[in-house]
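**Student:** Taken in order, these protein sequences are the chains called A and B.
Here my numbering is used: the first residue of the first sequence is 30, the next is one more, and so on.
Here my numbering is used: the first residue of the second sequence is 62, the next is one more, and so on.
Think of the hints as simulated: they come from the structure by calculation, not from any bench.
Treat the hints with care, as some may be off.
Said to hold, decoys possible - Pair by pair, the computed Cβ-Cβ distance ranges are:
#1 A:A226 with B:L147: 48 to 56 Å
#2 B:R215 with A:P103: 56 to 64 Å
#3 A:A622 with B:R215: 30 to 38 Å
#4 A:F105 with B:A63: 45 to 53 Å
#5 B:L147 with A:R60: 21 to 29 Å
#6 A:R709 with B:E92: 49 to 57 Å
#7 B:P143 with A:G450: 33 to 41 Å
#8 B:E78 with A:R52: 51 to 59 Å
#9 A:R78 with B:L125: 38 to 46 Å
As the list claims (entries may be wrong) - Cut-off 20 Å, straight-line C-alpha distance, at most; resulting in silico cross-link-like pairs (EDC-like, lysine to aspartate or glutamate):
#10 A:K302 with B:E106
#11 A:K717 with B:E78
#12 A:K524 with B:E156
#13 A:K717 with B:E106
#14 A:K712 with B:E106
#15 A:K717 with B:E138
#16 A:K648 with A:E457
#17 A:K717 with B:E185
#18 A:K657 with B:E156
#19 A:K657 with B:E186
#20 A:K660 with B:E185
#21 A:K38 with B:E106
#22 A:K660 with B:E186
Ideal Cβ positions, reconstructed from N, Cα and C, are used throughout, including at glycine.
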Amino acid sequence: MEELCVVGKPIPKLDAVDKATGRALYIHDIRIPGMLYGKILYSKYPHARIAHIDVSKAKKLPGVRAVLTAQDIPPFKFGFYKDNTPLKGGKVRSYRDEVAAVAAIDPDIAQEALDLIQVHYEALPAVFDPEEAMKEGAPLVHEENRSNILKLPWKMHFGDVEEARRKAKYVVEDRLRVTWVTHCCMATSGCIAMFDASQNLTVYSNTQIPSLAQRDYLEALEAMGLKGKRVRIIKACIGGAFGSKLDTYPYEYIAILLAHATGKPVRIVFDRKEEFVATSGRQPAIIDISQGCDENGRLLFRDVRMILDNGAYTSWGATTPSVMMMPISSLYRVPNVRYEAICVYTNNTYSQAMRGYGNPQATFAIESSMDRLAQEMGMDRVEFRLLNANGPGEVTPQGFRITTCGLKECIEEVRRRLDWGGPKEKGEGVGIACLIHVGGGARVYKSDGCGTIMKMDDFGKVDVFTGATDMGQGADTVIAQVVAEELGVRIEDVKVIHTDTDVCPWDVGAHASRTTFVACNSALGAARKIKERLLELASRQMGEPPEMLSIKDGEVFCKDAPEKRLEIGKILRKAHFSQGGQMLMADFFYDPANENLDKSFRGNLSMTYTFGAHGVRVKVDEETGKVKVLKYVAAHDVGRAINPLLLEGQVYGGALMGIGYALTEQLILEKGEVMNPNFRDYKILTAKDAVPIETYIVETMDKDGPFGAKGIGEPGCVPTAPAIANAIWDAVGVRLRELPMTPERVLAAIKEKRANSG
Amino acid sequence: MARRISFLLNGELVEMEVEDHWTLLHLLREELGLTGTKEGCGSGECGACTVLVDGMAVNSCLFLAADLDGKEVLTIEGLAAPDGTLHPLQRAFIENGAIQCGFCTPGMILSAKALLDENPNPTEEEIRHALAGNLCRCTGYLQIFRAVADAARRISQEPIEVFPRRTD
Chain A
30 MEELCVVGKP IPKLDAVDKA TGRALYIHDI RIPGMLYGKI LYSKYPHARI
80 AHIDVSKAKK LPGVRAVLTA QDIPPFKFGF YKDNTPLKGG KVRSYRDEVA
130 AVAAIDPDIA QEALDLIQVH YEALPAVFDP EEAMKEGAPL VHEENRSNIL
180 KLPWKMHFGD VEEARRKAKY VVEDRLRVTW VTHCCMATSG CIAMFDASQN
230 LTVYSNTQIP SLAQRDYLEA LEAMGLKGKR VRIIKACIGG AFGSKLDTYP
280 YEYIAILLAH ATGKPVRIVF DRKEEFVATS GRQPAIIDIS QGCDENGRLL
330 FRDVRMILDN GAYTSWGATT PSVMMMPISS LYRVPNVRYE AICVYTNNTY
380 SQAMRGYGNP QATFAIESSM DRLAQEMGMD RVEFRLLNAN GPGEVTPQGF
430 RITTCGLKEC IEEVRRRLDW GGPKEKGEGV GIACLIHVGG GARVYKSDGC
480 GTIMKMDDFG KVDVFTGATD MGQGADTVIA QVVAEELGVR IEDVKVIHTD
530 TDVCPWDVGA HASRTTFVAC NSALGAARKI KERLLELASR QMGEPPEMLS
580 IKDGEVFCKD APEKRLEIGK ILRKAHFSQG GQMLMADFFY DPANENLDKS
630 FRGNLSMTYT FGAHGVRVKV DEETGKVKVL KYVAAHDVGR AINPLLLEGQ
680 VYGGALMGIG YALTEQLILE KGEVMNPNFR DYKILTAKDA VPIETYIVET
730 MDKDGPFGAK GIGEPGCVPT APAIANAIWD AVGVRLRELP MTPERVLAAI
780 KEKRANSG
Chain B
62 MARRISFLLN GELVEMEVED HWTLLHLLRE ELGLTGTKEG CGSGECGACT
112 VLVDGMAVNS CLFLAADLDG KEVLTIEGLA APDGTLHPLQ RAFIENGAIQ
162 CGFCTPGMIL SAKALLDENP NPTEEEIRHA LAGNLCRCTG YLQIFRAVAD
212 AARRISQEPI EVFPRRTD
């Protein structure tokens, strides 16, 4: 194999020095001269008519520059289902509904102005349980729809599940529940909106989807009567995203409206309570699953039905069933699969994308059920999984064409490291769960593309303008690595610019673990063009044919006479400062050859799929119900580790987020109100709780991946909860079917088991 | 009400009027433009705003600016040497992959500095304890623990000047 100089090396994240010295600027750190501070008044009811709003006192407060309610803004709707508005008129449908907004010269005055706004509500009957909301006569969240059930097409059926159920020797059925959790980015959300003299809009943002947000804002401008204007998005350093910034939120439109009303830059930055209450997390679900296998343990069918709490408005949460289909149809070889999901409006907060995008919820059900089925037929749980594991060359019922697949190797390594079948102390247990995820982009829009513009200056320094977004995961660094590798320059000579839609090309967004695969392939395309032209220039100057030349450490050299070499900068300066001068610039748009799902939800969604297995050893305290993770092994097929240091960080961070999902995290909603909007009561794991996670990386060198790589952003948090549930079962013989698996729930299950056996 | 205070900020003497209700976090970020100190929650739960006051790690969002009189403050901007040479903790965080989104990093590094100043050779359990008040959502903490242990090794090999801890 060709020796690589930069790819495969543990190179520190390129912006780490700025972040370690306090130089990195987040949205909170940016100040624009003349900037005003915007604040939002939220609803006091989960469901109510707005009878009257009096803003007169707020408007009179010195320092207030604008007060807006729904009456003051043009009617326009946004979101996946076009059911959301920046400020709510007529009625409120959840506690997070935005009723009014102010802009003032400082944040304290803005807050004081909010307190002066008087809103008279007439409370309406509300509904918080999706099963209640589905019933005839339930209060309607959006009357115009005449039902709380969203008209969405989430139904798939491949093979014949009923026939397979009849043939199955062993069948298990379960109902599981997963609840609201939220991203908890360490930096809260925010933006700054400003207009220039020609009414073109600039937004300082921390979005994961600059190109799509640009389109959303353009629609808003059009509704405001500003047709044909430009929108520029400048990304500040993003203080964590995990899916939270994959859609545009009301606060962004409110900032735009306030900026337009005042003619000044307007900043809205959330406080921590707002971050918990007014951003959108992972959607809760009630999951019914049944699976069956033949007498030898071969899976025959999988049948899943879900009810998802959509909340009061519709964001990407309502589309997560399209991703849940992936593990349901394609995790393990299962010939007959059926899935149906219903999304139901309630007067709760609304849900969005969060790392894994439905996959952790679906995998919790599938992998809990896999354990039950193995238990039912009396087969070892690892052997059962190995028997049914996916392999290379397989086409799944949904039409996914699996190219590379290291699943079996992952399972076997987890088994070995966990000492599966070895001695256990009382209360100890081991569990395993596997995952499939898209690893080569995901064609959920009409384009899954990413553009790159590249230039090389007179000194051999490279600027890469990419559509990709870095939000801490390391997109900047891996793109620089593949470019440096391809061009034969040092990583220090590559700068990746990903922060400004005025100079960066289009990209569909940082979702679906697609950035390493798609953005690096895009950057490689541009780098190859630059390299070809560089070698042509060198060939003329060195008098050697291009195919005999190679580049390393910033120098072009002759392959069969390495002493014959020329520094890249010299070649470029000579080409530039000659008659008919040339400079090296290139562009490339990479759109993977993956497929949109068709009407029956078949199609090769991704160029390649990523696999993994997580194993865990727990100890359950039978007196308190507390679960302690003793050992955690995360094995992942990543295609190729472009940067092992950043890769480990993705797996560690994902797995710990997954352990939080499994054991501690829950946004507690009491009649639609968030009862724990702070880090004391919403328990993300701390340094004290951190689990020693062992990673095992399988490199399957995917033919389509950049240097063989697949995506790894989301997989780390996918199989965690079921692995732990399966270990708890092994430890104390109780099956936890609801997340999070708190000590109370574990203890209740233990007591129930004792009562039943006594 | 305003009052006049003087304090050492990153080694330099500052004399200024502060309002009684200002927090140290407000003073640093809004009045002095030192935005390296981050606000993650504003209520002492996340540790993103950690700075050192007389060598002790404090949540600057809970510390009144007026109480700074006569004290010395170290923020992330003052940690590297004046010539730009990074502190061993900064280098170790960078090289061990302890930084992803980076929002918790300044506070995390300063909590780690308070630990190493007091305990130059901490166990992993002591590191976990010292960082328990600094939340991180990206890294899973493991690379942060490695970075702190690595920095401890580096510091023991190349002694550097540290802020003296007041004993009164």
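**Student:** Evaluate each hint against the coordinates.
**Tutor:** So, going through the hints one by one against the coordinates:
no.	hint	in the structure
1	A:A226 with B:L147: 48 to 56 Å	violated (43 Å)
2	B:R215 with A:P103: 56 to 64 Å	holds (59 Å)
3	A:A622 with B:R215: 30 to 38 Å	violated (48 Å)
4	A:F105 with B:A63: 45 to 53 Å	holds (46 Å)
5	B:L147 with A:R60: 21 to 29 Å	holds (27 Å)
6	A:R709 with B:E92: 49 to 57 Å	violated (29 Å)
7	B:P143 with A:G450: 33 to 41 Å	violated (60 Å)
8	B:E78 with A:R52: 51 to 59 Å	violated (28 Å)
9	A:R78 with B:L125: 38 to 46 Å	holds (44 Å)
10	A:K302 with B:E106	holds (12 Å)
11	A:K717 with B:E78	violated (40 Å)
12	A:K524 with B:E156	holds (19 Å)
13	A:K717 with B:E106	holds (14 Å)
14	A:K712 with B:E106	holds (11 Å)
15	A:K717 with B:E138	violated (27 Å)
16	A:K648 with A:E457	holds (4 Å)
17	A:K717 with B:E185	holds (10 Å)
18	A:K657 with B:E156	violated (30 Å)
19	A:K657 with B:E186	holds (16 Å)
20	A:K660 with B:E185	holds (16 Å)
21	A:K38 with B:E106	violated (36 Å)
22	A:K660 with B:E186	holds (16 Å)
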